[in-house]
Amino acid sequence: MLKIKDLRVEIEGKEIIKGLSLEINKGEVHAIMGPNGAGKSTLSAVIAGRDEYEVTGGSIEFEGKDIMDMAPEDRAHAGVFLSFQYPVEIPGVSVTNFIKTALNESRKARDLDPMPAKDMLKLMREKQALLEMDKQFMSRSLNEGFSGGEKKRNEIFQMAMLDPKLAILDETDSGLDIDALRIVANGVNKLKNEDNAVMIITHYQRLLDHIIPDFVHVLYDGKIVKSGDKNLAIELEEKGYDWIKKEIEA
Amino acid sequence: MTEEDKLLEEVTSAEYKYGFVTDIESDTIKNGLNEDVIRLISSKKNEPEWLLEWRLEGLKKFQQLVEPEWANVHYKKPDLQSISYYSAPKAKKTLNSLDEVDPELLKTFEKLGISLDEQKMLTGVAVDIIVDSVSVATSFKEKLGELGIIFCSISEAIQEHPELVRKYLGTVVPQSDNYYAALNSAVFTDGSFCYIPKGTRCPMELSTYFRINQAGTGQFERTLLIADKGSYVSYLEGCTAPSRDENQLHAAVVELIAMDEAEIKYSTVQNWYPGNKEGVGGVFNFVTKRGICHESAKISWTQVETGSAVTWKYPSCILKGDNSIGEFFSVAVTNNFQQADTGTKMIHIGKNTKSTIISKGIAAGESNSSYRGLVKIMKGAENARNFSQCDSLLMGDKSGSHTFPYIEVKNKTARIEHEATTSKIGEDQLFYCNQRGISTDAAIGLIVNGYCKDVLNQLPMEFAVEAQKLLSLSLEGSVG
Amino acid sequence: MKLQDKLINSFEKFGQSLSGSETDSLRKMRTEGIEVFKNLGFPTTKDEEWKYTSLNKCIKRDYDFGAEFSLDIRSEDVDRFLCTGIDSYKLVFVNGVFNASLSNTTQQDKFFVSNLKDAYEGNSELFNQYYGTIADKELSMVGLNTAYAQEGAFIHVKAGAVVDKLIQILYINSDSSRSMMNQARNLIIAEDRGEVQILERHQSLSDEYVFTNSVTEISVGNEANVKHFKVQNDIDTASLVDSTFVKQGTKSTALVDTFVFSGELTRNNLHFEFTGEHAEAHMDAITLLKGSSLVDHHTFVDHAVPNCQSFQMYKGIYDEKSKGVFNGKVMVRKDAQKTNAYQQNNNLLLSDFASIDTKPQLEIFADDVACSHGCTIGQLDEEALFYMQSRGIPLKEAKAFLMFAFAGDTLKNITIPELKEQLVNLVARELKVDLELN
Numbered sequence: 093m094l095k096i097k098d099l100r101v102e103i104e105g106k107e108i109i110k111g112l113s114l115e116i117n118k119g120e121v122h123a124i125m126g127p128n129g130a131g132k133s134t135l136s137a138v139i140a141g142r143d144e145y146e147v148t149g150g151s152i153e154f155e156g157k158d159i160m161d162m163a164p165e166d167r168a169h170a171g172v173f174l175s176f177q178y179p180v181e182i183p184g185v186s187v188t189n190f191i192k193t194a195l196n197e198s199r200k201a202r203d204l205d206p207m208p209a210k211d212m213l214k215l216m217r218e219k220q221a222l223l224e225m226d227k228q229f230m231s232r233s234l235n236e237g238f239s240g241g242e243k244k245r246n247e248i249f250q251m252a253m254l255d256p257k258l259a260i261l262d263e264t265d266s267g268l269d270i271d272a273l274r275i276v277a278n279g280v281n282k283l284k285n286e287d288n289a290v291m292i293i294t295h296y297q298r299l300l301d302h303i304i305p306d307f308v309h310v311l312y313d314g315k316i317v318k319s320g321d322k323n324l325a326i327e328l329e330e331k332g333y334d335w336i337k338k339e340i341e342a
Numbered sequence: 040m041t042e043e044d045k046l047l048e049e050v051t052s053a054e055y056k057y058g059f060v061t062d063i064e065s066d067t068i069k070n071g072l073n074e075d076v077i078r079l080i081s082s083k084k085n086e087p088e089w090l091l092e093w094r095l096e097g098l099k100k101f102q103q104l105v106e107p108e109w110a111n112v113h114y115k116k117p118d119l120q121s122i123s124y125y126s127a128p129k130a131k132k133t134l135n136s137l138d139e140v141d142p143e144l145l146k147t148f149e150k151l152g153i154s155l156d157e158q159k160m161l162t163g164v165a166v167d168i169i170v171d172s173v174s175v176a177t178s179f180k181e182k183l184g185e186l187g188i189i190f191c192s193i194s195e196a197i198q199e200h201p202e203l204v205r206k207y208l209g210t211v212v213p214q215s216d217n218y219y220a221a222l223n224s225a226v227f228t229d230g231s232f233c234y235i236p237k238g239t240r241c242p243m244e245l246s247t248y249f250r251i252n253q254a255g256t257g258q259f260e261r262t263l264l265i266a267d268k269g270s271y272v273s274y275l276e277g278c279t280a281p282s283r284d285e286n287q288l289h290a291a292v293v294e295l296i297a298m299d300e301a302e303i304k305y306s307t308v309q310n311w312y313p314g315n316k317e318g319v320g321g322v323f324n325f326v327t328k329r330g331i332c333h334e335s336a337k338i339s340w341t342q343v344e345t346g347s348a349v350t351w352k353y354p355s356c357i358l359k360g361d362n363s364i365g366e367f368f369s370v371a372v373t374n375n376f377q378q379a380d381t382g383t384k385m386i387h388i389g390k391n392t393k394s395t396i397i398s399k400g401i402a403a404g405e406s407n408s409s410y411r412g413l414v415k416i417m418k419g420a421e422n423a424r425n426f427s428q429c430d431s432l433l434m435g436d437k438s439g440s441h442t443f444p445y446i447e448v449k450n451k452t453a454r455i456e457h458e459a460t461t462s463k464i465g466e467d468q469l470f471y472c473n474q475r476g477i478s479t480d481a482a483i484g485l486i487v488n489g490y491c492k493d494v495l496n497q498l499p500m501e502f503a504v505e506a507q508k509l510l511s512l513s514l515e516g517s518v519g
Numbered sequence: 454m455k456l457q458d459k460l461i462n463s464f465e466k467f468g469q470s471l472s473g474s475e476t477d478s479l480r481k482m483r484t485e486g487i488e489v490f491k492n493l494g495f496p497t498t499k500d501e502e503w504k505y506t507s508l509n510k511c512i513k514r515d516y517d518f519g520a521e522f523s524l525d526i527r528s529e530d531v532d533r534f535l536c537t538g539i540d541s542y543k544l545v546f547v548n549g550v551f552n553a554s555l556s557n558t559t560q561q562d563k564f565f566v567s568n569l570k571d572a573y574e575g576n577s578e579l580f581n582q583y584y585g586t587i588a589d590k591e592l593s594m595v596g597l598n599t600a601y602a603q604e605g606a607f608i609h610v611k612a613g614a615v616v617d618k619l620i621q622i623l624y625i626n627s628d629s630s631r632s633m634m635n636q637a638r639n640l641i642i643a644e645d646r647g648e649v650q651i652l653e654r655h656q657s658l659s660d661e662y663v664f665t666n667s668v669t670e671i672s673v674g675n676e677a678n679v680k681h682f683k684v685q686n687d688i689d690t691a692s693l694v695d696s697t698f699v700k701q702g703t704k705s706t707a708l709v710d711t712f713v714f715s716g717e718l719t720r721n722n723l724h725f726e727f728t729g730e731h732a733e734a735h736m737d738a739i740t741l742l743k744g745s746s747l748v749d750h751h752t753f754v755d756h757a758v759p760n761c762q763s764f765q766m767y768k769g770i771y772d773e774k775s776k777g778v779f780n781g782k783v784m785v786r787k788d789a790q791k792t793n794a795y796q797q798n799n800n801l802l803l804s805d806f807a808s809i810d811t812k813p814q815l816e817i818f819a820d821d822v823a824c825s826h827g828c829t830i831g832q833l834d835e836e837a838l839f840y841m842q843s844r845g846i847p848l849k850e851a852k853a854f855l856m857f858a859f860a861g862d863t864l865k866n867i868t869i870p871e872l873k874e875q876l877v878n879l880v881a882r883e884l885k886v887d888l889e890l891n
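As you go down the protein sequences, you meet chains W, Z and E in turn.
Under the working numbering, the first residue of the first sequence is numbered 93, with each subsequent residue one higher.
Under the working numbering, the first residue of the second sequence is numbered 40, with each subsequent residue one higher.
Under the working numbering, the first residue of the third sequence is numbered 454, with each subsequent residue one higher.
To be clear, the hints were calculated from the coordinates, so they are not data collected in a lab.
We treat Cβ as the ideally placed atom computed from N, Cα and C, and that holds for glycine.
Hints are supplied without guarantee of correctness; some may be wrong.
What the hints assert, rightly or not - The following label-pair restraints were derived from C-beta to C-beta distances:
{"hint": "1", "chain 1": "W", "residue 1": "E236", "chain 2": "E", "residue 2": "L579", "range": "52 to 58 angstroms"}
{"hint": "2", "chain 1": "W", "residue 1": "E236", "chain 2": "Z", "residue 2": "L203", "range": "47 to 53 angstroms"}
{"hint": "3", "chain 1": "E", "residue 1": "A612", "chain 2": "W", "residue 2": "E102", "range": "35 to 41 angstroms"}
{"hint": "4", "chain 1": "Z", "residue 1": "Y114", "chain 2": "E", "residue 2": "R480", "range": "55 to 61 angstroms"}
What the hints assert, rightly or not - Which bits of chain E does chain Z cover? Going by a derived footprint, with three or more residues having C-beta under 8 angstroms, they are:
{"hint": "5", "segment": "527-534"}
{"hint": "6", "segment": "819-829"}
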C-alpha cells in the first residue's frame with residue numbers, strides 16, 4: 093500500500109529525514125517510535141503533502157502510484173488520512189459543515205454525487221456514537237475551544253467519516269486522559285480491517301497497549317534504525333531511547 | 040445544510056456571474072443634468088407639483104455641494120453631465136400580471152436566479168424589481184393589501200399614497216444631507232415604498248432587486264420604508280449590474296422610519312459589477328442609508344457587500360426614542376482593484392439606547408477595504424450602550440485594510456466597547472482542509488464563511504445562501 | 454494683531470537679532486519652518502487631525518515672545534518640581550532660557566547633557582546630522598517651533614554608553630507680569646547600544662497665560678534603549694502642544710510615558726517610526742482630569758519595516774467639565790510583515806459634563822501581522838464596588854481604589870523606584886487614595 097524508498101527531506105536547508113525506507117501493506121498496523129526530533133512528525137507531514145518540506149531524494153508510492161507531485165487534497169482523495177498532532181482551529185465553521193464538505197469533496201473526486209443529507213446524518217450519528225461524542229459537539233466551531241481530548245476524538249471521528257485506506261496517527265495519544273485514550277483506541281480498532289492500514293507515530297508505548305501493532309520501527313536521526321514486533325515497544329519503554337542511541341553509536 | 044453543499048459545488052467560475060446585457064428596448068432621455076431634465080423626469084412620471092418643487096430644491100442643494108473626498112477611496116469622478124437620468128424599458132402601461140412583463144426581462148430574472156414565479160410559489164417572498172430606474176413588477180400585492188401593507192414602487196406610491204410619501208420623504212435623509220443624496224433627491228426615478236400599518240407583522244420577507252441594465256445610465260433609486268407603531272417587517276435588497284467597461288453610477292437613498300415599538304430588519308446583498316481583474320469598469324456605489332428609531336423601536340441593518348468598483352456607504356441609525364436599538368452587521372469583500380469605505384453611524388439621543396456593530400472586512404488582490412464608523416452618545420442619552428467589533432482579514436500582501444472608528448461620548452453613564460483585529464488565513468488552516476480532501480478554493484470559501492458567520496446568521500435563509508456563494512465566488516483564486 | 458500674524462511678522466526681526474554664530478543650514482531651516490507655518494497657520498478643527506481640539510481660545514490671547522523675561526528664581530521653587538531623592542543630571546530652563554546655576558550638566562567622553570544652544574555652538578557637526586531630521590517638517594506647529602527655537606535639552610549618548618543617572622528636563626515659567634509663548638526644543642540622540650532615561654516637565658509659577666509649543670526629536674540607535682517620561686501637571690492658565698518624534702533602529706527599545714493631571718489645553722503628538730527590524734516601542738499614558746482641562750493624545754506608529762512591535766496603553770479618567778481626546782493610528786506598510794501592534798484606550802467618565810472623543814485607527818497593508826485595538830468608555834465595575842462595600846470599605850474609598858487600579862497598569866514600565874514612587878504618589882493624590890492601605 094505505502095512504499096517509501098530512501099526518502100530524504102530537508103526543511104530550511106536542514107536535513108531531517110536521511111534515507112528512510114518503509115513498506116506498509118494492507119491489513120497491517122505499524123508503529124513508528126523515536127525520541128523527540130527524530131523526524132517522526134516530518135515523516136507524517138511529508139506523506140500528507142505539506143509543502144514547506146523539501147524532498148531531496150527517494151520516493152513515496154501509494155497503491156503503486158508515485159504521490160510526490162500530488163496536492164494534499166488529491167492524496168486525501170486517494171485515501172491518505174493524517175490525524176494531526178495539533179488539530180487546527182477554524183472559527184465559525186461547525187464540525188458538521190466541515191466534515192460534510194470534506195466528505196463530499198472526496199466523493200466529487202470520485203465522480204459521485206454529494207451524499208444525501210439523510211444518509212450523511214445517519215453516518216454522522218453512527219460515527220459519533222463510536223467516538224462517544226454528544227450531539228452538541230457537532231455544531232461547535234471546529235477545534236475552537238476544544239480540550240486536548242476533544243480535538244483528538246474529533247480527528248478520529250473525521251477518520252471514521254472519511255474511511256481512509258491509510259490512517260496516520262501523529263502523536264494521537266498526547267494530551268489524552270485515560271478515558272479519552274480508550275475511546276480513541278477503541279474507535280481506531282473498530283475501523284481497522286483487512287483492506288486498510290494504520291501508521292501510529294508515538295513517543296510512548298501506552299497507545300500501543302490498546303492498538304496492538306504488527307510492526308514497531310524505531311526512528312532515530314532521520315532513519316529507521318531498528319524494526320521488530322510489539323515487544324520492541326515494550327523493550328523501549330523499559331530501557332529508554334538511550335539504549336538505542338548506545339546500540340547505534342557502538 | 041444542503042445549501043452549503045450547493046455553495047461548494049457551484050464554486051466553479053470566478054468570473055462575474057451576472058455579467059450579461061439584456062436586450063430590452065429602453066426609453067432613455069438625453070444625457071445631462073439641469074432643471075429641464077428634472078422637469079422632464081417629473082412630467083414623464085406624472086408627478087404632483089410639490090414633488091417637482093422638492094426635486095428642484097434638491098438640485099439647488101446639489102449645486103451648492105461639492106463631491107466628498109474624505110473617504111479612503113480613489114477614483115475618477117464621474118462626469119455627471121454624461122449620464123442619462125432616466126431610462127425606462129419601453130412600452131408600457133401598468134402591468135397587471137407577470138405575463139405582461141417583457142419576455143427578455145423575464146429571462147434576465149431567470150439568469151439572476153430570481154424567477155418571479157418561482158419566488159412566488161416557493162419562497163413566499165414579495166418582490167419588487169427595479170431595472171435601471173423603473174419598477175417593473177411587484178408580486179404579492181393583493182395578499183399584502185389585505186393586511187393594509189403597502190408595498191409598491193415609489194412612483195406608484197406617489198400616485199396612490201401621496202400623503203404618506205409627502206409626510207415622510209426626506210425626513211431622515213434631507214436633500215441637503217450630502218452630495219449624492221442631494222443628487223438623488225433631484226433625479227430619483229424609482230425605488231420601493233413600503234408601509235406597515237400599526238401592530239402588523241408583515242408575514243413575508245419583502246424583497247427588491249435592483250439592476251442597472253442600460254449603458255450610460257445612472258441608477259438613483261429612492262426607498263422609503265415606514266413601520267408604524269408596533270409593526271414588524273423584514274426587507275431584502277439585492278443588486279446586480281451587467282459587466283461594462285465604463286463605470287456606472289449608483290446613488291441611492293434609503294430612508295427607514297421605525298415608529299414606537301416597531302422593528303425593521305433591512306438586509307442587503309450587494310453584487311454590482313465590480314470591474315474586471317484589471318480594475319476596468321464597475322459600479323460606483325455611493326449610497327445614503329439611514330433609519331430613525333422612535334421609542335422602543337429597533338432597526339437592524341445587515342449587509343453583504345461583494346460588488347462595485349467603489350463603495351461608499353454607511354447605513355446608520357438615529358436612536359431618537361428611549362429604549363431604541365440599532366444594529367449593523369456587515370461583511371465587505373473586496374478583490375482585484377475594488378475599494379470599499381463602509382461602516383455605520385449610531386447616534387444615541389434617547390435614554391437606554393443600545394447599538395451593536397459587527398463588521399468583517401476581507402481584502403484580497405490589490406483592493407482596499409475600510410471600516411468607518413461613528414458612535415455618538417449625546418448628552419441626554421442616559422445609559423447608552425454600544426458594542427463594536429471590527430475585524431479584518433487580509434489575503435495576499437497587496438491589499439489594504441483600514442479601520443477608522445470615531446467614538447464621541449458626552450454622557451458619563453455610557454458604556455462603550457470597541458474592538459478591532461486584523462488577521463489572515465493561516466497556512467496551517469489551509470493544509471488542514473487540504474488534508475481532509477478540501478481544495479484550497481473551497482477551503483477559503485469555508486474559512487471566510489466561518490469568519491463571517493456572525494453576520495451571515497443575521498440574514499434570512501434564502502439570502503444567506505446567496506451571500507455565502509457570493510463570498511466564495513468573489514475570493515476565488517486569491518490565495519496560492 | 455492676531456497671534457498668528459504677529460509670529461509671522463516678527464520672524465524677520467528675530468532672524469536679524471540672532472548672533473552670527475548660526476550656520477547657514479540652521480538659518481535655512483528656520484526660514485523653511487516659518488514658511489510652513491505661514492502656509493498652514495495654526496491648525497483648526499476643520500483639519501481632521503484637530504477635529505476635536507480647538508486652539509481658538511489659546512491663540513486669541515496675546516503672548517510675548519523673544520522679550521527679556523525676568524530670570525530670577527529661587528531654587529526651592531525649582532526643587533519641588535523635580536524628582537527628588539535621586540541623583541540626576543538636570544537641565545532647567547527659566548522663561549525659555551537655560552539656567553546654568555540650577556542645572557547639572559555633564560560633558561563626558563561617553564555622553565553629553567547640555568543646553569541645545571551650547572550644542573550647536575560647540576558640536577555643530579553632530580547637531581547638523583540629527584537636528585530637524587526626525588520631526589515631520591510639514592506640520593505647522595513643528596514649522597513654527599523650528600523657526601524660533603533656540604534653547605532646550607541636548608542629550609547625546611555615544612555607542613555602548615549607559616547614562617548613569619536620570620536626566621531631568623524642567624521648563625519653568627515664572628514671569629508674573631505678562632503672558633508668554635515658548636518654543637522649547639529637545640534633541641536626544643542615543644547611538645547604538647546606548648541607554649538613557651529622561652524625565653520632562655513644564656511648569657508655570659505665575660498666573661499669567663503660558664503657551665508652550667515644544668518639539669522633541671529622539672534618535673534611538675541599533676539595540677539602544679531610551680525611556681522618556683513626561684509629567685504634565687501644569688496650572689490652568691498653561692497650555693502645551695508637544696510634538697515628539699522617535700526614530701528607532703534595529704533591535705532598539707523606546708518608551709514614552711505621559712502623565713497628564715491638569716493644564717488648560719494639552720496636545721501630545723507622538724510619532725514613532727521604525728527604520729530597523731525587531732525594534733520595540735511602548736507608549737503608556739494616564740490622564741486624570743478635572744476642571745475644564747482638555748487633553749488630546751495623538752499617536753502615530755509607522756511600521757515601515759518587518760518584525761517590529763508597538764504597544765500603546767492609554768487610560769483616562771475625566772471629571773467635572775474636562776474633555777479627553779485620543780487619536781491613535783497604527784500604520785503597517787506593505788513590507789512590514791510580522792508586525793505586532795497593540796493599542797488600548799480605556800476611559801472612565803465621572804461627571805455629566807465631561808466628555809471623551811476617541812478614534813483608534815488601523816491602516817494595514819501587510820497580511821502576516823497581528824494588529825488589534827480596543828477601546829472602552831464606561832464606569833467603575835458596580836459589582837466590585839459592592840463587594841468592597843460589603844467588606845466595610847466606604848463607597849468613596851472603594852471608588853478611589855478601583856480608579857487607582859484602573860490607572861495603575863500604565864506605570865508598569867517605570868524601572869527607577871524613586872520616579873515610580875513619585876508618580877504613584879501623584880496618581881494617588883489626584884485620586885485621593887490613601888496609599889498606606891495599599
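Violated constraints from the hint list, given by number and in increasing order: 4, 5
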